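Colleague: Sequence:
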Amino acid sequence: MILLSGLIFRSSVMTFGKQMVVYQSAVTVLCLLRGIIGI
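In this text, residue positions in the sequence shown follow UniProt numbering: the first is 1, and each later residue adds one.
Hints are computed from structural coordinates only; laboratory data are not their basis. Everything numeric in this text was worked out from a predicted model, so none of it was measured. Yeah, the Cβ is synthetic: ideal placement off N, Cα and C, and Gly gets one too. Some clues are possibly wrong.
[Claimed, not checked] Quick list of simulated restraints, FRET-style, between CB atoms:
(1) L33 / S11: 30 to 36 Å
(2) M14 / G38: 46 to 52 Å
(3) I8 / I37: 39 to 45 Å
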C-alpha cells in the first residue's frame with residue numbers, strides 16, 4: 001500500500017511539473033509576442 005501511494009504521489013507530481021512547464025512556456029511566448037507587437 002505504501003509503495004502504491006508513493007507511486008501515485010510521484011506520478012501526480014510529475015504531471016503537475018509538466019503542467020507548470022507548459023504554463024511557463026506559454027507565459028514566455030505571450031510576453032515575447034507582446035514585446036514584438038509593442039515594438
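Colleague: Which constraints among the numbered hints does this structure fail? Numbers only, ascending.
Modeller: Hint 2 contradicted; others consistent.
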